[in-house]
Amino acid sequence: MSLKRAAAITGIAEMAPRASAEGLSTMSIWADVSRGAILDAGLEPSDIDGLLVAPPIVDMVAMWPSHLGEYLDIHPRYANIVDLGGASAAGMIWRAASAIQSGLCRAVLCVSGEASDVSTFYAPRAKRPTQQLPLREFEAPYGPMGANSGYAQIAMRHMHEFGTTGRQLAKVAVDQRTNAGANPDALYRDPLTIDDVLSSPLIVDPLHLYEIVRPCTGGAAFVVVSADLAGSSAQTPAWLLGAGEATRGVMLAQVDSITTSPVAQSAPLAFEMAGVTPAEIDLVSVYDCYTITVVVTLEDAGFCEKGRGGPFVEEHDLTFRGDLPLNTHGGQLSFGQPGLAGGMSHVTEAVRQLQGRAGERQVPDCELAFVNGNGGIMSEQSSLVLGV
Amino acid sequence: MSDQPRKPLPRPSPLSQPFWDGLGAGELRLQRCDSCDTYVFYPRPYCPHCLSEALTWKAVSGRGRVYTYTVIRRAMHPAFQPDVPYVFAIVELEEGPRVETNVVGCAPEDVRVEMPVKAVYDMTTAGIALLKFEPA
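Protein chains in written order, with our numbering: chain A, 318 to 705; chain B, 18 to 153.
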């Protein structure tokens, strides 16, 4: 069954990332962006009959959707948590569209974000793997550095198999920083060169500090509505044209090939449903927790041949003025990663661009966007084609 | 008791005890499926390939090659900070399965992808041995 044009995103809201929580709570952030998204969509609180929530990474409690519904004083008929790690936001859109198409609801509020900073994110207590997980028994004793070491291992193997270079990976961070210069909300906006990236401290070989995302505080929300509500929306609807999802194990030792991600399955599903090809895409908005993530995603989504991601990002201008505008908000590498709202930033930016509301960094004639959400160590992938 | 942070050590379950017992005895043992002849790692109650519950522990060669690795220069868990820089790797065993591990016995800059390695059994003060590898 196709979800093409079954639903559209109309309203979005985003809190600018900040380096520390500054007295904010997760709930206060969620309330702020929820209000903003409902207002932006031109809806009343009573119109919201669906609620999807991505859990905060540093603060896991049960029944988050009910706690948020209570805070907002809304009464959804469809309420769920979506935990696909960084892929949660993209995964929410087709889940919302699916619920809308089945008649369960008409307007689904999707919310993410958290009050976090580097110290809470890296606190050993917060990051202790659940005692029963095989990860705790067969990986933790060897001193991994969380996601950092996993993505570094992917990058190392990618370099071995395909000859990908540090300069090629650094180019992703550099072009995205140029984009961040045109985004007042981004955490890091000063221009960056390839040499700056390569001379920043090596943290987990071959990845340098400026190739690694920064945990921070922030949040985002959007509203997914039915076709009839989209028709009367104040904003240009950003339609869901295609969606695909694929997952694999989280422990890299359990994965057949770590240089190919499940994007190789999820993206073709999304393109097929939408009836478009990568060559037709005006804006690429893909998860970038590390530079290597972007390179692997572009390959597996079919923007270039497998293994040619390095030369591909070198040959193309990935800025908002370029021939392949990519992560025009700066990507999470420059924008910041406010928990799972980091993944949502790729959705909000795509909607902004499709609606023509991206200001200085607006991509001309932006009609088709490819969005990719990525979770874990490239273990969860949710791919979308959005369009106007 | 010391206030120093302690490294997270394995807590063997009845299912995984033979694996850790093997390492303690200086031997790498893996589950092998009697039904489809596949090695299974990490330990599981049944073969995920054919669903057979007939799994037998077998001693294996301990030989393999580095599938990938990274050098960790800032530890996330404070107990590992004194060890930096150290190599966190995935080794592909000759018998097929891959394991997360450390490569020891050489400088981090001498490690290469596809480098041949052999198992070493690193006995911790807690009396449980970890599976590590050194250049073969």
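Rather than coming from a laboratory, the hints here were simulated on the basis of the structure. Honestly, I wouldn't trust all of these hints.
Claimed, not checked - A partial selection of chain B residues facing chain A, derived with a Cβ cut-off under 8 Å:
{"#": "1", "residue": "Y59"}
{"#": "2", "residue": "R91"}
{"#": "3", "residue": "L147"}
To be verified - Each computed SDA-like pair below joins lysine to any residue, with the alpha-carbon atoms no more than 20 Å apart:
{"#": "4", "chain 1": "B", "residue 1": "K75", "chain 2": "B", "residue 2": "Y138"}
{"#": "5", "chain 1": "B", "residue 1": "K75", "chain 2": "B", "residue 2": "V101"}
{"#": "6", "chain 1": "B", "residue 1": "K75", "chain 2": "B", "residue 2": "D38"}
{"#": "7", "chain 1": "B", "residue 1": "K75", "chain 2": "B", "residue 2": "Y103"}
{"#": "8", "chain 1": "B", "residue 1": "K24", "chain 2": "A", "residue 2": "R484"}
{"#": "9", "chain 1": "B", "residue 1": "K24", "chain 2": "B", "residue 2": "D100"}
{"#": "10", "chain 1": "B", "residue 1": "K75", "chain 2": "B", "residue 2": "Q34"}
{"#": "11", "chain 1": "B", "residue 1": "K24", "chain 2": "A", "residue 2": "T482"}
{"#": "12", "chain 1": "B", "residue 1": "K135", "chain 2": "B", "residue 2": "M93"}
{"#": "13", "chain 1": "B", "residue 1": "K75", "chain 2": "B", "residue 2": "K24"}
{"#": "14", "chain 1": "B", "residue 1": "K24", "chain 2": "B", "residue 2": "E109"}
{"#": "15", "chain 1": "B", "residue 1": "K24", "chain 2": "A", "residue 2": "R453"}
{"#": "16", "chain 1": "B", "residue 1": "K24", "chain 2": "A", "residue 2": "S543"}
{"#": "17", "chain 1": "B", "residue 1": "K24", "chain 2": "A", "residue 2": "P595"}
{"#": "18", "chain 1": "B", "residue 1": "K75", "chain 2": "B", "residue 2": "L32"}
{"#": "19", "chain 1": "B", "residue 1": "K24", "chain 2": "B", "residue 2": "E112"}
{"#": "20", "chain 1": "B", "residue 1": "K24", "chain 2": "B", "residue 2": "G113"}
{"#": "21", "chain 1": "B", "residue 1": "K24", "chain 2": "A", "residue 2": "L519"}
{"#": "22", "chain 1": "B", "residue 1": "K135", "chain 2": "B", "residue 2": "P99"}
{"#": "23", "chain 1": "B", "residue 1": "K24", "chain 2": "A", "residue 2": "R394"}
{"#": "24", "chain 1": "B", "residue 1": "K24", "chain 2": "B", "residue 2": "V101"}
Don't be surprised by glycine CBs; every beta carbon is placed ideally from N, CA and C.
These are the hints, each one checked on the structure:
1. For the restraint placing B:Y59 at the interface with chain A, the shortest Cβ-Cβ distance is roughly 5 Å, inside the 8 Å limit, so the hint holds.
2. Interface restraint check for B:R91: the shortest CB-CB distance to chain A comes to about 6 Å, inside 8 Å, so the restraint holds.
3. The interface hint given for B:L147 is met, as the beta carbon of that residue sits about 6 Å from the closest beta carbon of chain A, less than 8 Å.
4. Taking the CA atoms of B:K75 and B:Y138, the gap is about 17 Å. The hint holds against a cut of 20 Å.
5. Restraint check: the Cα-Cα separation between B:K75 and B:V101 comes to about 34 Å, which exceeds 20 Å; the hinted pair is violated.
6. Between B:K75 and B:D38 the CA atoms are separated by roughly 13 Å; this keeps the pair inside 20 Å, and the hint holds.
7. Distance restraint check for B:K75 and B:Y103: the Cα-Cα separation of roughly 30 Å exceeds the 20 Å cut-off, and the hinted pair is therefore not satisfied.
8. Distance hint between B:K24 and A:R484 is unfulfilled; the C-alpha atoms sit about 35 Å from each other, more than 20 Å.
9. The hinted pair formed by B:K24 and B:D100 meets the criterion: a straight-line CA distance of about 11 Å does not exceed 20 Å.
10. At most 20 Å may separate the alpha-carbon atoms for a hinted pair to count; B:K75 and B:Q34 meet this at roughly 14 Å.
11. For the given pair, B:K24 sits about 34 Å from A:T482 by alpha-carbon distance, which is inconsistent with the 20 Å threshold.
12. Simply put, B:K135 and B:M93 have alpha-carbon atoms about 27 Å apart, too far for the 20 Å limit, and the pair is violated.
13. Proposed proximity of B:K75 and B:K24 is contradicted: the alpha carbons are some 29 Å apart, above 20 Å.
14. Between B:K24 and B:E109 the CA atoms are separated by roughly 25 Å; this puts the pair beyond 20 Å, and the hint is violated.
15. For the suggested pair B:K24 and A:R453, the alpha carbons sit about 12 Å apart, so the restraint of at most 20 Å is met.
16. Simply put, B:K24 and A:S543 have alpha-carbon atoms about 52 Å apart, too far for the 20 Å limit, and the pair is violated.
17. The hinted pair formed by B:K24 and A:P595 fails the criterion: a straight-line CA distance of about 46 Å is larger than 20 Å.
18. In summary, the hint linking B:K75 to B:L32 is supported, as the alpha carbons are separated by about 14 Å, within the 20 Å threshold.
19. A C-alpha spacing of about 29 Å is found between B:K24 and B:E112, which places the hinted pair above 20 Å, so the restraint is violated.
20. Taking the CA atoms of B:K24 and B:G113, the gap is near 29 Å; set against the 20 Å cutoff, the hint is violated.
21. Only pairs whose Cα atoms come within 20 Å are accepted, and B:K24 paired with A:L519 is rejected, the gap being roughly 24 Å.
22. In summary, the hint linking B:K135 to B:P99 is not supported, as the alpha carbons are separated by about 25 Å, beyond the 20 Å threshold.
23. Simply put, B:K24 and A:R394 have alpha-carbon atoms about 46 Å apart, too far for the 20 Å limit, and the pair is violated.
24. Of the pairs offered as hints, the one joining B:K24 and B:V101 holds, with about 14 Å between alpha carbons and a cut-off of 20 Å not exceeded.
The structure fails hints 5, 7, 8, 11, 12, 13, 14, 16, 17, 19, 20, 21, 22 and 23 (numbered hints given earlier, in ascending order).
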